[in-house]
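Chain order of the listed sequences is D and S. Residue numbers for the first sequence, in the numbering used here: 1 to 177. Residue numbers for the second sequence, in the numbering used here: 1001 to 1278.
Don't read these hints as lab results, they were simulated from the structure. Mixed in with the good hints, there may be bad ones.
[To be verified] Beyond 10 angstroms from chain S on every Cβ pair, some chain D residues (computed):
#1 P37
#2 S49
#3 L88
#4 R136
#5 P157
#6 T162
[What the hints assert, rightly or not] Simulated restraints, written as ranges between beta carbons of each label pair:
#7 S49/D / P1082/S: 39 to 49 angstroms
#8 H1172/S / P41/D: 51 to 61 angstroms
#9 K1180/S / D147/D: 46 to 56 angstroms
#10 A1059/S / E87/D: 36 to 46 angstroms
#11 N1146/S / P90/D: 27 to 37 angstroms
Even glycine gets a Cβ: it sits at the ideal position worked out from N, Cα and C.
Below, each chain spelled out in residue letters.
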Amino acid sequence: MHQLIVAVCIAVWLSLVPASAVSAGVPAPYSPLVIQPTGMPARHEFDLSAALARARRENKRLYVYLGAHNCPFCRRYEAFLEQNAAELVPHFAAQYIVVDLRSSLSVTADQLFIRIGERALPYADFQRSIGDERARMLVYPSVWLLDPDAKPLMQMPAGTGTFQTVPEQLEILRLEQ
Amino acid sequence: MRGMIHVNRWLGRGTACLVLFVWAPWAQAVPGGLPAPAAHADSSPEWESLREKLFPSRAIDTTPGTVQIIAPLRAAYGASVPVKVVSKLPQTPGLYVKRLYLLVDKNPSPIAAVLDLTTEVGQADFETRLRVDEYSHVRVVAELSNGQLHMDSRYVKTSGGCSAPPNRDALHLVGKTVLKVPEPVAMNLPTPAEVTVLHPNDTGFELNQVTVMYIPAHFVRSIKVSYADKKVFDAELDFSVSENPSLRFNFVPHGQGQLKAEVEDSKDGRWVGTLAVR
Chain D
1 MHQLIVAVCI AVWLSLVPAS AVSAGVPAPY SPLVIQPTGM PARHEFDLSA
51 ALARARRENK RLYVYLGAHN CPFCRRYEAF LEQNAAELVP HFAAQYIVVD
101 LRSSLSVTAD QLFIRIGERA LPYADFQRSI GDERARMLVY PSVWLLDPDA
151 KPLMQMPAGT GTFQTVPEQL EILRLEQ
Chain S
1001 MRGMIHVNRW LGRGTACLVL FVWAPWAQAV PGGLPAPAAH ADSSPEWESL
1051 REKLFPSRAI DTTPGTVQII APLRAAYGAS VPVKVVSKLP QTPGLYVKRL
1101 YLLVDKNPSP IAAVLDLTTE VGQADFETRL RVDEYSHVRV VAELSNGQLH
1151 MDSRYVKTSG GCSAPPNRDA LHLVGKTVLK VPEPVAMNLP TPAEVTVLHP
1201 NDTGFELNQV TVMYIPAHFV RSIKVSYADK KVFDAELDFS VSENPSLRFN
1251 FVPHGQGQLK AEVEDSKDGR WVGTLAVR
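Same shape as in the complex, but just chain D (with noise of 0.2 angstroms):
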């Protein structure tokens, strides 16, 4: 029964969605560099590496999302930034370079290793590493606001739910704390 519940809150949340955003993935408006998971079935593991040698020869910053296929809450995300890419994307291509991890919500926080150069952390342990403070639970989507050298701009909430509207995401470019 309780499963049926969540079934439902799921189908009618998908039925909100527009249809153009069905598809994962930031969308293309954002020229993002799409990053696939390697090392599959026992890890799922994201070089960050080339996007951090890219923002070194442009002088960008990162903007590091990551989304799963199967997950409705960030389907919602990628359908704001396509309703709002006329006004957002020269926002973004001013300073970041949008990459984009593609996830599935089964894949764990034990489960997800990012890399950088020959260093590769699972979740919590890459969290850590960079003082992030959401290392105790893996939350799609997430985003991560990161210079040329790994370094966390500043802390990122779990969860984008608080940057859906364009003011608020402005705010998030702008690192307003």
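The hints should help you fit chain S onto chain D, whose structure is shown.
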């Protein structure tokens, strides 16, 4: 908006496993139902109602300079928002901060903590972590020994704080009370200290995934801290304080003694933590 918040809480309570993976931004994510933008110093209907109940007909000074609250605009997790209160007033017998009220306007139980202070704190600065259920102002009201009230507030954006699943890794340790001070301790000066109580601080809104029953509210109700048998402060707390409630505070040691914290919870559990200070 209110309807969506209920959906949020209901979903959070009913699907804690889902919430482990997917933070529930329902109330905040719905176009057309978004909270209106708010400034840190704004009022709210909830605050106006609280103000009438707690401080009827009393003036509250919001001029910066007496008390400050520091909290992030967005915290990593709504269930654990770091909050710091900084007092700009030294605790002298002539004039001191007598009471601090920590409030979260939109929480189901908005009075998170009431701290009854003495001059033994030396400096009325406190740090703790609060649950913030939805977009809300977090406030501190300082009542001075002369009766004046001063307030500062911050607007905090979170989602799912009170619905987040609690950590239940160490239930056998519930009530364990730990005090910490830096080494060495400087005598006759405000000295930072921390008291932490291992406790789930259950809100009553979480669902037990095994029994499919709501976990009854069970939270730390008070922490009384003394040094060398002299009261430093008493804290009346609520489930708006995060699990494993902790308070960072100051006290003034006038010589060797015992720092003591007496803890009581909502099921009449009682514990004591002590620390010898030399």
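Hints not upheld, ascending by number: 4, 5, 6, 7, 8, 9, 11
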